[in-house]
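Engineer: Sequence:
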Amino acid sequence: MIGRRAALRGVVGGAAMVAVGGGLAGCGNGGGKEQPAGAEASATPRKGGKLRAAFIGGSAESTDPTLAAGVGVDYVRARVVWDTLGELDGGKPVWRLAESVEPNSDATKWTVRVRKGVTFSDGRQLTARDVLFSLRTLVEKRSPQGGFITHLDLKSARARDERTVELPLTMADGFFDLALAHSMFVFPDGTKNLAKAVGSGPYVVKRWQAGRSSVLAPREDYWDAAGGGPYLDELELISVTDAAARLSGLKSGQFEYAGGLALTAVRTERGNSALRIETPPKDLWVDLNLPMNLGLKPFTDPRVVRAVKLALDRESLVRTVTLGQGEVGNDLVGAHQPYYDDGIAQTAYDPEQAKKLLAEAGQEGLAVTIRTSDYDYGTEESATAMVPMLAKAGIKATLDKVPAADYYSDFKTILSTPIQTAAYHPNPLPLAIRTYYGSTASFPLTGTKGAAELDPLIAAMNRATREADRRARVADVLKHLHEHGGDALFARVPTVAGSAAKAHGVKSRGYADFPSLRDAFVE
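For the sequence shown, my numbering puts the final residue at 1350, and the numbers step up evenly by one.
Hints were generated in silico from the structure; no laboratory data involved.
Careful, some of the hints might be misleading.
Calculated lysine-lysine pairs in the DSS-like style (CA-CA distance at most 30 Å, straight line) [claimed, not checked]:
| # | residue 1 | residue 2 |
| --- | --- | --- |
| 1 | K943 | K1019 |
| 2 | K1329 | K1033 |
| 3 | K1334 | K1033 |
| 4 | K1306 | K1124 |
| 5 | K1276 | K1183 |
| 6 | K943 | K874 |
| 7 | K1334 | K1023 |
| 8 | K1239 | K968 |
| 9 | K943 | K919 |
| 10 | K1329 | K874 |
| 11 | K1334 | K919 |
| 12 | K968 | K982 |
| 13 | K1023 | K968 |
| 14 | K1109 | K1306 |
| 15 | K1306 | K1183 |
| 16 | K1219 | K1276 |
| 17 | K1183 | K1223 |
| 18 | K1078 | K874 |
| 19 | K1306 | K936 |
| 20 | K919 | K936 |
| 21 | K1023 | K982 |
| 22 | K1019 | K982 |
| 23 | K1182 | K1223 |
| 24 | K1239 | K1124 |
Remember, predicted model here, so these are calculated numbers, not experimental data.
Please model the entire structure based on the sequences and the hints provided.
Structural biologist: Dropping the structure here:
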């Protein structure tokens, strides 16, 4: 069972969790071999060959689909063994095992129509009962993705017929379709041993050794073969914890693909014609953040919060921390996603105004301790770079550097820390809002002070079902958070992957650190 510690790593900081996003698209900085999604469209898919791909592994590796979101290599494997109800593409659902997903008039009940003609690898036909069983299991096992559908009324949910599932909710949710497209793996009804659950995906597991590798074989009877793939004769997924080792193995020919590379690879491998260095589209970049808990002093005073935001030289942080590959953040999650309001004014760099605000608050000579770690790239580096910036605004900052292994070990400490660094990995914006903000948030790093004003805005957002209403209600929440929130979200940074020149067809489909290899092929 995945607990809050594992889920928190996924939502806030872990590169090997379900909430990590990404894809294969150019970061737009020019030159080199950074490739956008679809840049290899001229390569014609061909059958045959073997692809070896390396991803981050860990001690918790498993073949249980409810645990797959806990480790990067497990999640990559899960995506080709168990198909999902849907996938996220550009922040919107693309349905897979679901033929359609529709709400009732007030978004308190959703109806899923199951696709006809889908079979599991053991020949069984997919039915509505399988979908209902899988959703229940994901929630009951407390999987990270199950956390997005905890307001599903499990007792009242039912399979109305062989292809129709009715999903009543305990609250209105006009964005429940986004949740259902968020890695909801489907396995057969009544599965007892989840570690051996069969799937409806394009590959089946031939061999698996935790901490080493898994070898997968293609299905000849894959239900979506007409849509592309599986092309490979064999797919091997290799567990490699160290990013440098993954890059080294890619360069030496040990792998044809490697995910989760260091950002420095964009520069160091720019002239390497044997490789493509790939970075995600901007809607799937990681947000580097300095959240302040509004319920803890000195951040109970909004003038202090505003002063910290004004004290950060974001352009400088992008140049130094993100090596010029990132972009300036505007204290809000979800940039470049659907429903994001890009008309909100950019937070300025103004250390003199920050000084004035601190003086008004009676906080001249303010001293703060920033909790940080090198668990994610850019968090500790940015904290170090912030110290002289904050000093220029009259804030004396010291760092509490916590070992990466211990950073997420104490959930209580995380939620009781006045100020700390964090890397927010992308979720669909409405889901991210519910995750981080309001009185019922799962991971409120900025605290729940002010929830009385924010909760009605989030509730109105949840009730919205029409696109225009969705956009307007999300904008209401974002405007409130920009003015009153505790996030100093200062920069956004791409994740990095590498591919041999002969490897093609690896696609983000919502996640970069563990992309979809459904259409992968080799020349």
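Engineer: Work down the list of hints and note, for each, if the structure agrees.
Structural biologist: Against the structure, the hints:
no. : hint           : in the structure
1   : K943 to K1019  : holds (25 Å)
2   : K1329 to K1033 : holds (24 Å)
3   : K1334 to K1033 : holds (23 Å)
4   : K1306 to K1124 : holds (24 Å)
5   : K1276 to K1183 : holds (24 Å)
6   : K943 to K874   : holds (26 Å)
7   : K1334 to K1023 : holds (26 Å)
8   : K1239 to K968  : holds (22 Å)
9   : K943 to K919   : holds (23 Å)
10  : K1329 to K874  : holds (13 Å)
11  : K1334 to K919  : holds (16 Å)
12  : K968 to K982   : holds (16 Å)
13  : K1023 to K968  : holds (16 Å)
14  : K1109 to K1306 : holds (21 Å)
15  : K1306 to K1183 : holds (24 Å)
16  : K1219 to K1276 : holds (29 Å)
17  : K1183 to K1223 : holds (16 Å)
18  : K1078 to K874  : holds (24 Å)
19  : K1306 to K936  : holds (29 Å)
20  : K919 to K936   : holds (20 Å)
21  : K1023 to K982  : holds (26 Å)
22  : K1019 to K982  : holds (20 Å)
23  : K1182 to K1223 : holds (12 Å)
24  : K1239 to K1124 : holds (17 Å)
In summary, the structure agrees with every hint in the numbered list given earlier.
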